[in-house]
Structures are given as structure tokens and as C-alpha cells.
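Order-wise, the sequence lines are chains A and B. If you're matching positions, the first sequence starts at 278 in the working numbering and goes up one per residue. If you're matching positions, the second sequence starts at 278 in the working numbering and goes up one per residue.
It is worth saying that the hints were derived from the structure and are not from the lab. Please note that a few of the clues may not be correct.
What the hints assert, rightly or not - Partner residues are not named here, just some residues of chain A that face chain B (Cβ under 8 Å, in silico):
id, residue
1, K279
2, E371
3, E377
4, I379
Said to hold, decoys possible - Per the computed footprint, the stretches of chain A lying under chain B, defined by three or more beta-carbons under 8 Å from a beta-carbon of chain B, are:
id, stretch
5, 285 to 298
6, 359 to 368
As the list claims (entries may be wrong) - Derived pair list, reagent style DSSO-like, types lysine-lysine, alpha-carbon separation capped at 30 Å:
id, chain 1, residue 1, chain 2, residue 2
7, B, K306, A, K323
8, A, K283, B, K291
9, A, K283, B, K363
10, B, K279, A, K306
11, B, K363, B, K291
12, B, K382, B, K279
13, B, K283, B, K306
14, B, K283, A, K363
15, A, K283, B, K333
Quick reminder that beta carbons are idealized off the backbone N, C-alpha and C, glycines included.
Protein chains: 2
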Amino acid sequence: MKLAYKIWLDSDGKAFGDGPYELLCLVEKTGSLHQAAKQMGMSYRKAWLLIQAMEKRLGFVILDRQVGGLSGGGSKITAQAQEFMKQYDIFRIEARHALEEIYGKYFGVTEQEEKT
Amino acid sequence: MKLAYKIWLDSDGKAFGDGPYELLCLVEKTGSLHQAAKQMGMSYRKAWLLIQAMEKRLGFVILDRQVGGLSGGGSKITAQAQEFMKQYDIFRIEARHALEEIYGKYFGVTEQEEKT
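With the rest of the complex left out, here is chain A (with noise of 0.2 Å):
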């Protein structure tokens, strides 16, 4: 047996969680959102509408939009969600070590841990 979850963060609806962070952490990385969605098996125009929901939802711009230039455009990340995306991530990893712990105490070793 082992513990399984789903953490994520609501706002009239799903306004952040592993998925959108992973999303963010590609477009980050290839400075595209249409190479993000790729590397993810998502259309570009689900991620475009995600991040829309997310804007809406979070209050602020997620993407800052580049058009134009040598490399026909591109998608940046705004500082206020880098430092979003960072405090999500201090977030997450703090949620796991405790709910690990917790399930720890009352059912013993999780099964990854039995076959270490």
C-alpha cells in the first residue's frame, strides 16, 4: 500500500497545480509556448487557454507575449510568476515530505521504501 494524492490550488475553479507548473518550467526553458505544449502532448490552444484560466484565476500576467524578431516571437514568464512558480514549487515539496511522514506514522513504509 502507498499514499497517493493530488494537491492543487482553487480559485472558482483550478487555478494552479503540477500540470500548469510543469507547462510554465518548459516554456521557461524553450522560451515558447508552442514547443512547451509539444513537449507536454498538448495542443497549443489547450495550453493557450490554460494559461488564460490560470491569468484570470491568479489575478496577474503569467506570459509575457513577444512578437516578431528573427525567430518569429516567442513566450517569457513574467517575474511575478517566476516568483509564483518558485514559492509553488517550495510548496509542493514541503506538502509531500509531510503527507510521507504523516502516512509514515499511521501505515507504516511506503512501498518504495520497502523495496530500497
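Assemble the complex: chain A is given as a structure, and chain B must be docked to it using the hints.
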């Protein structure tokens, strides 16, 4: 913005969570899986399959079936399952407190707290 999450116990599939916990509480209260399923708006067949899957995944018997008698029989939670339910209840309360504390640390108070 507020914290949202789902926690469950997994053993090659969903083994236990809040839904099953609620179902078993109702079986304890009513002494009948029929009644418990009804109160949860669940078909008896679905409740029965859920119990069977849980017993398989958790590895112990959950329901003592009592057939016959004036009342036409009923269902009782086994002592082992009662113990497990207690553990699960403490586990989920502790998990909730930990997650709320960590959420508050990184994202401020929850919507519920803001309203009070």
C-alpha cells in the same frame, strides 16, 4: 485562492479514501450495506463491488455478513476494519492540518479564514 487536494491509499489501484470511509461509517450506523449505499446515492451493486475491491486491496475482511434473522440480516464492520477506519480518520485529519499550515505559510490564509 484556496488549497484543494485529494488523498487516498493505493494498492495497485485505489484501495481506500474519503468515499469508502464515509460508506463504512454509514454501514456502522445503519447496520446495512443496502441502507448505507442508499444514503450515499450509490447503487447497492456499486457499493458491493467497492467493498470487494477494498477487501482485496487492503488484504483483510471488512464486512461480516449476517444472513437471516427477523430483520432479514445485515452487515457489520469487522474489528480489523474498525481499527483501520480509526487510523485513516486520524491520518486524514493530521494530513489536513499539515497541508493547511504549509499552504498558509506560502500562500497566506485560505478563503474560509478570510471570511471569518
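Status of the hints after comparison with the structure:
Checking K279 of chain A against chain B: minimum C-beta separation of about 5 Å stays under 8 Å; hint holds. For the restraint placing E371 of chain A at the interface with chain B, the shortest Cβ-Cβ distance is roughly 5 Å, inside the 8 Å limit, so the hint holds. Violation of the interface hint for E377 of chain A is found here, the shortest Cβ-Cβ separation to chain B being roughly 10 Å, above the 8 Å cut-off. Below 8 Å, beta-carbon pairs count as interface contacts, and I379 of chain A has one with chain B at about 5 Å; its hint therefore holds.
For the stretch 285 to 298 of chain A, the stated coverage by chain B holds: 6 residues have a C-beta nearer than 8 Å to a C-beta of that chain, and at least 3 were required. Counting residues of the stretch 359 to 368 of chain A whose beta-carbon sits less than 8 Å from any beta-carbon of chain B gives 4, enough to reach three: the coverage restraint holds. Distance check on the hinted pair: K306 of chain B and K323 of chain A sit about 46 Å apart at the alpha-carbon level, beyond 30 Å; violated. Of the pairs offered as hints, the one joining K283 of chain A and K291 of chain B holds, with about 13 Å between alpha carbons and a cut-off of 30 Å not exceeded.
Taking the CA atoms of K283 of chain A and K363 of chain B, the gap is near 23 Å; set against the 30 Å cutoff, the hint holds. Our distance criterion of 30 Å between C-alpha atoms is met by K279 of chain B and K306 of chain A, whose separation comes to about 29 Å. Between K363 of chain B and K291 of chain B, the direct Cα distance comes to roughly 19 Å. Compliance with the 30 Å bound is thereby established for this hinted pair. Proposed proximity of K382 of chain B and K279 of chain B is supported: the alpha carbons are some 13 Å apart, at most 30 Å.
Straight-line distance between C-alpha atoms of K283 of chain B and K306 of chain B comes to about 25 Å, which keeps the hinted pair within the 30 Å bound. For the proposed pair K283 of chain B and K363 of chain A, the alpha carbon gap of about 23 Å is at most 30 Å, so the pair holds. For the given pair, K283 of chain A sits about 24 Å from K333 of chain B by alpha-carbon distance, which is consistent with the 30 Å threshold.
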